[in-house]
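Listed here are the chains, written in short residue letters.
Number of protein chains: 2
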Amino acid sequence: MEYLLDQEVSTRLETFQKLLGRNDLDGALVLQNVGIYYYTGTAQASFLFIPGQGEPMLMVKKSFERARKESPHKNILQVNGKRDMAEMIKDSGLKPDAALGLEMDLVPASMYLWLRETFPGVLWKDISSLLRTQRMIKSAYETDQIRTACQIEHEVFTDLRTFIKEGMIELEVDARLASLARRKGHQGIVRMRGWNQEMTYAHVLSGDNGAVSSYLNSAHGGTGTNPAMPQGAGFRRIGRNEPILVDYSVGINGYIGDQSRAYVIGDLPEKLQKAHDCSRRILDRFSRLAKPGVLCSHLYQIAWETADEEGFSRFFMGHGNGQVGFIGHGIGLEIDELPVITPGFDKPLQEGMVLALEPKFVFPGEGAVGIEDDYVVTETGVERITLTEQDVLRVEE
Amino acid sequence: MEYLLDQEVSTRLETFQKLLGRNDLDGALVLQNVGIYYYTGTAQASFLFIPGQGEPMLMVKKSFERARKESPHKNILQVNGKRDMAEMIKDSGLKPDAALGLEMDLVPASMYLWLRETFPGVLWKDISSLLRTQRMIKSAYETDQIRTACQIEHEVFTDLRTFIKEGMIELEVDARLASLARRKGHQGIVRMRGWNQEMTYAHVLSGDNGAVSSYLNSAHGGTGTNPAMPQGAGFRRIGRNEPILVDYSVGINGYIGDQSRAYVIGDLPEKLQKAHDCSRRILDRFSRLAKPGVLCSHLYQIAWETADEEGFSRFFMGHGNGQVGFIGHGIGLEIDELPVITPGFDKPLQEGMVLALEPKFVFPGEGAVGIEDDYVVTETGVERITLTEQDVLRVEE
Numbered sequence: 336m337e338y339l340l341d342q343e344v345s346t347r348l349e350t351f352q353k354l355l356g357r358n359d360l361d362g363a364l365v366l367q368n369v370g371i372y373y374y375t376g377t378a379q380a381s382f383l384f385i386p387g388q389g390e391p392m393l394m395v396k397k398s399f400e401r402a403r404k405e406s407p408h409k410n411i412l413q414v415n416g417k418r419d420m421a422e423m424i425k426d427s428g429l430k431p432d433a434a435l436g437l438e439m440d441l442v443p444a445s446m447y448l449w450l451r452e453t454f455p456g457v458l459w460k461d462i463s464s465l466l467r468t469q470r471m472i473k474s475a476y477e478t479d480q481i482r483t484a485c486q487i488e489h490e491v492f493t494d495l496r497t498f499i500k501e502g503m504i505e506l507e508v509d510a511r512l513a514s515l516a517r518r519k520g521h522q523g524i525v526r527m528r529g530w531n532q533e534m535t536y537a538h539v540l541s542g543d544n545g546a547v548s549s550y551l552n553s554a555h556g557g558t559g560t561n562p563a564m565p566q567g568a569g570f571r572r573i574g575r576n577e578p579i580l581v582d583y584s585v586g587i588n589g590y591i592g593d594q595s596r597a598y599v600i601g602d603l604p605e606k607l608q609k610a611h612d613c614s615r616r617i618l619d620r621f622s623r624l625a626k627p628g629v630l631c632s633h634l635y636q637i638a639w640e641t642a643d644e645e646g647f648s649r650f651f652m653g654h655g656n657g658q659v660g661f662i663g664h665g666i667g668l669e670i671d672e673l674p675v676i677t678p679g680f681d682k683p684l685q686e687g688m689v690l691a692l693e694p695k696f697v698f699p700g701e702g703a704v705g706i707e708d709d710y711v712v713t714e715t716g717v718e719r720i721t722l723t724e725q726d727v728l729r730v731e732e
Numbered sequence: 336m337e338y339l340l341d342q343e344v345s346t347r348l349e350t351f352q353k354l355l356g357r358n359d360l361d362g363a364l365v366l367q368n369v370g371i372y373y374y375t376g377t378a379q380a381s382f383l384f385i386p387g388q389g390e391p392m393l394m395v396k397k398s399f400e401r402a403r404k405e406s407p408h409k410n411i412l413q414v415n416g417k418r419d420m421a422e423m424i425k426d427s428g429l430k431p432d433a434a435l436g437l438e439m440d441l442v443p444a445s446m447y448l449w450l451r452e453t454f455p456g457v458l459w460k461d462i463s464s465l466l467r468t469q470r471m472i473k474s475a476y477e478t479d480q481i482r483t484a485c486q487i488e489h490e491v492f493t494d495l496r497t498f499i500k501e502g503m504i505e506l507e508v509d510a511r512l513a514s515l516a517r518r519k520g521h522q523g524i525v526r527m528r529g530w531n532q533e534m535t536y537a538h539v540l541s542g543d544n545g546a547v548s549s550y551l552n553s554a555h556g557g558t559g560t561n562p563a564m565p566q567g568a569g570f571r572r573i574g575r576n577e578p579i580l581v582d583y584s585v586g587i588n589g590y591i592g593d594q595s596r597a598y599v600i601g602d603l604p605e606k607l608q609k610a611h612d613c614s615r616r617i618l619d620r621f622s623r624l625a626k627p628g629v630l631c632s633h634l635y636q637i638a639w640e641t642a643d644e645e646g647f648s649r650f651f652m653g654h655g656n657g658q659v660g661f662i663g664h665g666i667g668l669e670i671d672e673l674p675v676i677t678p679g680f681d682k683p684l685q686e687g688m689v690l691a692l693e694p695k696f697v698f699p700g701e702g703a704v705g706i707e708d709d710y711v712v713t714e715t716g717v718e719r720i721t722l723t724e725q726d727v728l729r730v731e732e
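So the sequence lines, in the order shown, correspond to chains A and B. For the first sequence, our numbering begins at 336 and goes up steadily by one. For the second sequence, our numbering begins at 336 and goes up steadily by one.
Note that these hints are calculated values from the structure, not bench results. The reader is advised that the hints may include incorrect statements.
Stated by the list, open to error - List of simulated lysine-lysine pairs, BS3-like, C-alpha gap at most 27 Å:
no. : chain 1 : residue 1 : chain 2 : residue 2
1   : A       : Lys417    : B       : Lys460
2   : B       : Lys353    : B       : Lys409
3   : B       : Lys460    : B       : Lys430
4   : A       : Lys460    : B       : Lys417
5   : B       : Lys682    : A       : Lys417
6   : A       : Lys682    : B       : Lys417
7   : A       : Lys519    : B       : Lys519
8   : B       : Lys409    : B       : Lys396
9   : B       : Lys460    : A       : Lys460
10  : B       : Lys519    : B       : Lys500
11  : A       : Lys500    : B       : Lys519
12  : A       : Lys500    : A       : Lys609
13  : B       : Lys500    : A       : Lys519
Values in this document were obtained by computation on a predicted structure and should not be read as measured data.
From just these sequences and the hints, can you work out the full model?
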């Protein structure tokens, strides 16, 4: 088992405490698994109190032994539940009228109301954005984890060229993806932050299933196997001369790589091939233009214009009610991190960001094509870390 | 694609509206996927407003076409987001000082605060318990879905007897589970309601990994592959004469079956075999005693006494800080439904409940054994719906 380096944890904490100070906060209560892991190196069931200055308190419900082994923090305490936690924070000398941060996009209303009642003088402020903004910039260690995930993805994407056969149901391909990456060490769960969003490890969408929109905030959805879990692969049989879009995520040491490729048995219809080539052209332009200082909204604009020039804007990133307004997103411990490459996101790229860029085209009744690749923002540009060739991948027959 | 029957949806709605009336509520705003699916037959991205009387309003963000196809409701409207939703509810004639229900165990604090501001006179009440209590009693349709899941589980558990080999890493067995059930139609995600709880489809825990406790509210945890996702299978090689505990869930049409079995290559150490036999004895007693009217807390007591008589209470449902205080739980659209078979749950069994009962024993340094089976509560007793034999399953060599 590879533990998070002490240096990672202490650097993250130092940055966070500076951010607390700048935002007039006396501390923060971090309650969700991902946030706890990020600042401690353990994801055991805990409450994490980070004061504006000094040592954080990690109060662990289960497993205490494991949290002590995994985290370099010194101040690790055992608690039975939230009442213990509140007592400990009060005893630590918290001002009764302190201003404390909380991830209000995640913490349930009932927990929030309990905290308000238990700490009557405390002012609770939403720190979701502060915390996500810190996590937007990755360390070399973090980027390395995503590189490893991308390497595994490449192996699996390569394997599929010999595995897919005409007449197979989508679920068979999906099952293959599930099995291969898991054997190679995929953590089994892909975390997504957005409320009510859920992530399978893959979408395998053949022909018109690629154009079935869903509840997900993504260009494609797919039927899934049933209306209660309406996303991803279903029972559709894969045919000849139609696109098979595979969107696939792998998690290594918490960190997620996210890649898509289009396959075909035979040849794609000309329009779909043209659209796929347009996706490739968008990524080429992105690779040339993107560097620290360039606005995310500008990068979206360039992509949209490229699609529009070729007459594909109606099918860009979905169609009709299913169209989404972004072409890329940060990846890290969650698959929907910052930044977002979208018109409303007017912040510049910064060195250390890791992005998944996914210009895709969705044609009603015909299917989805396009590429999703992951990039690290370097000092002078971007480096592509996904390894698979960008053409439509022809299945070996 | 199999859609939810009109009759299911209308019966559920009728029951829910009666419950609203009895709890002095003028309506409820259902925001989470599972609740929306339960009352409408669609899980598309939506807001569901159910008034105390009359037609519910299903306000759909994405996909509108799909929601209309999947749900039998008449009043399905397209919205851009929550602002539209609030306007529509106000326009529907809501009293400004209405009392409305909300699932406060799930809805994020930020959404709750936004609702309070947007509906200034409305009193929001937590209906988590009301809604979970309704869902505790399953219809014949719901039970049938879980039966189908149990059938698939049985096939996969049977397959494992010929697949497991000495020296395999746990992840290989896990990958096999992932692949087999997915091909047979498993929906790919197992939903768990508890905040900060996450579910892989399986735990494959060999030898001492069966005794590694985790952040999960379960008797066993496992190392997982990394400290950021610390549950389930890891890189441990499976050995001879040690327990291999497999806990495995499959979702069909939203409904989850949940089964565990212990395997062995060779023979189990005597103490572990004895503990496994004790698990079987607990299930036998449960089968004879359980029927409508018997208190859940009483069933826990009987199980605990059986474990204690044989000297195993210290290892019952975990050990040390990792011990959990329940031996069973409802299953349905979520894997942690009501009732809970625990000392604090003093309610009686009722016809139509579906339970997973999982008396397990965890020995530090040695591993976990035990059985998890699913039962339907009938008019006069319980019916076991998991199909696999209850002995320790000997791997074929």
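Tested hints:
A threshold of 27 Å between alpha carbons decides the hint, and for A:Lys417 with B:Lys460 the separation of about 22 Å falls inside it, so the pair holds. For the suggested pair B:Lys353 and B:Lys409, the alpha carbons sit about 20 Å apart, so the restraint of at most 27 Å is met. Using a Cα cut-off of 27 Å, the hinted pair B:Lys460 and B:Lys430 holds, with the two alpha carbons roughly 16 Å apart. About 22 Å separates the Cα atoms of A:Lys460 and B:Lys417, which keeps this hinted pair within 27 Å; it holds.
Restraint check: the Cα-Cα separation between B:Lys682 and A:Lys417 comes to about 25 Å, which is no more than 27 Å; the hinted pair holds. Distance hint between A:Lys682 and B:Lys417 is fulfilled; the C-alpha atoms sit about 25 Å from each other, no more than 27 Å. A distance of roughly 23 Å separates the Cα atoms of A:Lys519 and B:Lys519; the hinted pair therefore holds under the 27 Å criterion. Between the alpha carbons of B:Lys409 and B:Lys396 the distance comes to roughly 16 Å, so the proposed pair stays at or under 27 Å and holds.
In summary, the hint linking B:Lys460 to A:Lys460 is supported, as the alpha carbons are separated by about 23 Å, within the 27 Å threshold. For the hint pairing B:Lys519 with B:Lys500, the CA-to-CA distance comes to about 23 Å; that is within 27 Å, so the pair holds. Distance check on the hinted pair: A:Lys500 and B:Lys519 sit about 18 Å apart at the alpha-carbon level, within 27 Å; holds. For the hint linking A:Lys500 to A:Lys609, the alpha-carbon distance of about 24 Å falls within 27 Å, and the restraint holds.
Only pairs whose Cα atoms come within 27 Å are accepted, and B:Lys500 paired with A:Lys519 is accepted, the gap being roughly 18 Å.
Violated hints are absent here; each numbered hint is respected by the structure.
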